[in-house]
Amino acid sequence: MLKEILKILESDARTTTRQIAAMTGTSSAEVARLVKQAREDRVILKYKAVVNWDKVEDEQVWALIDVKVTPQKDVGFDSIAERVYRFPQARSVYLASGDYDLAVLVVGKSEHEIADFVSQKVATIEGVQGTATHFILKRYKEDGEILAEVEEVKRQQMML
Amino acid sequence: MATKPGKQSRKRRGLISAPVNRISPSGIRKFFDLLSSVEGVISLGVGEPDFVTPWPICESAIRSLEKGYTMYTSNLGMPELRERLSQYLADTYNLSYDPNGELLITVGVSEALDLAMRAVIDLGDEVIMPDPHYVAYDSCVILARGTPVKVPTSEENGFEISAAAIEESISDKTKAILLGYPANPTGAVMLRERLEEVARVARRNQLLLISDEIYGRLVYGVEHTCLAALPDMKESTILLGGFSKSYAMTGWRIGYAAANREIISAMTKIHQYTIMSAPTMGQVAAVEALKAGEESVREMVGEYNRRRLVMVKGLNEIGLSCFEPRGAFYAFPSIRCCAMTSEEFAERLLLEEKVAVVPGVAFGQCGEGHVRCCYATSLAEIEEALTRMKRFVDKYRVA
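Here the protein sequences line up with chains A and B, keeping their order. Quick note on the numbering used here: the first sequence kicks off at 1 and runs consecutively. Quick note on the numbering used here: the second sequence kicks off at 1 and runs consecutively.
If you're looking for bench data, these hints aren't it; they were derived computationally from the structure. No residue lacks a Cβ here, since even glycine has one placed at the ideal position from N, Cα and C. Keep in mind that the hints are not guaranteed to be accurate.
Some chain A residues close to chain B (C-beta under 8 Å, calculated; not the full set) [as the list claims (entries may be wrong)]: (1) 23; (2) 25; (3) 153.
If we strip away everything but chain A, and leave its shape as in the complex, we get (with noise of 0.2 Å):
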């Protein structure tokens, strides 16, 4: 049942509590106490819109680091995850395989910005041995969501 809920809110973070009771066939009082304990246990970490910036007058610019990292002895990569992660600008970061070890994704207000961050903050750090940075040109999908405008299908009359 909390898989059901979680892939409903997934979806619609503002379907509300009874629109999930009816649409799972449950009682309103249940799936308030499974939201609240999924928020307790930070299952359901935070409600957000994903948001298309491109349509808003708004400087952005997003940029994807790779980090190579000599893994440090008895934390591995944590604590230099950790020392990337505690910055804001961080949006996302991720250990991952291949050629780099950690992946973050990075919003500043311009390139300079992101420039500064990555030099100065991420390379800096004890451990890091490069960086590669890669400017965001254009954003297709966001979180599942395709940016695009897309034509509405629509349907015809038919007798079935």
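Got chain A sorted already, so can you dock chain B onto it with the hints?
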């Protein structure tokens, strides 16, 4: 103008054949003509998924066009599709159909149904079917020069057809029993035990069973029983299925028939002269659906189930009492509380509240007193439709 003297005037015969004259245009059609003249309508009318076909399926078809797969296929359908379908039926229902001779790919289940009727019915043969039933069932029988014999079903019995009632309807002319469960328009599902009773009646009376299982994958909290998979029923059953509803592929027009060699070979004769082969692009898409569509089916079934629960609960709260549909994507509530015919109800609801539902009588006399509400539409629309229907029912409620 006067006829030439001396030449005996020949009586002008009717232009249209008797069977075609006998069938009426679908009651649903009449309704949709009305619908197109009203703006801002929420339609719970069309029995079609609101999802578009999953992208991997579309993509495989696009690729096939780029590669030049634009010719006819074998009359029976692409060998790869038949092989995969055979495997699918084996995996899903433990049924074994030879892809070479026991499967035929058709233009939707609609064609498969028509072929089945034309292949087995002789003039005056009777075909037993439940009432209410999908709109094409009786017409297809009549077009094949047969006679539909309708067995009433009701809400009290969950719109399941009873074996005893079937047996009472059997005459010397009975050729076949035509079932369509999960059912359009009621959403009813036949449980295994009830189907076994029907199968026993069919066997005892040596009747053919024609089972339209287009909604077989769309069941909620119950297991779908495939009629052909019941013990000793494969030989005497024509199993009809398709891709439209479970994979959201209505426009691709791909269905199939599975039956014994004699029947498939007879159906193929009609198919090869009238259709030749099902659309190639659609068959390629169907291959991909069988290959990789399972996850999409599960997701869509999950989504339909949420909508189903909202719809049924909402209808019951309004006072349109609704038995729990366990299959397809229809709710079939009773409109008893409003003292109107189903046609009146549907027409007024459309004109006054701009919600389109289909009058139950369009599916047979036993559908009267009900309307069909398709919940294959977004939750937001379902909720708005329920709000409008509540207003409507509150206005006209007599009991």
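query: Which hints, by number, does the structure contradict?
result: The structure conflicts with no hint, since it agrees with every one listed earlier.
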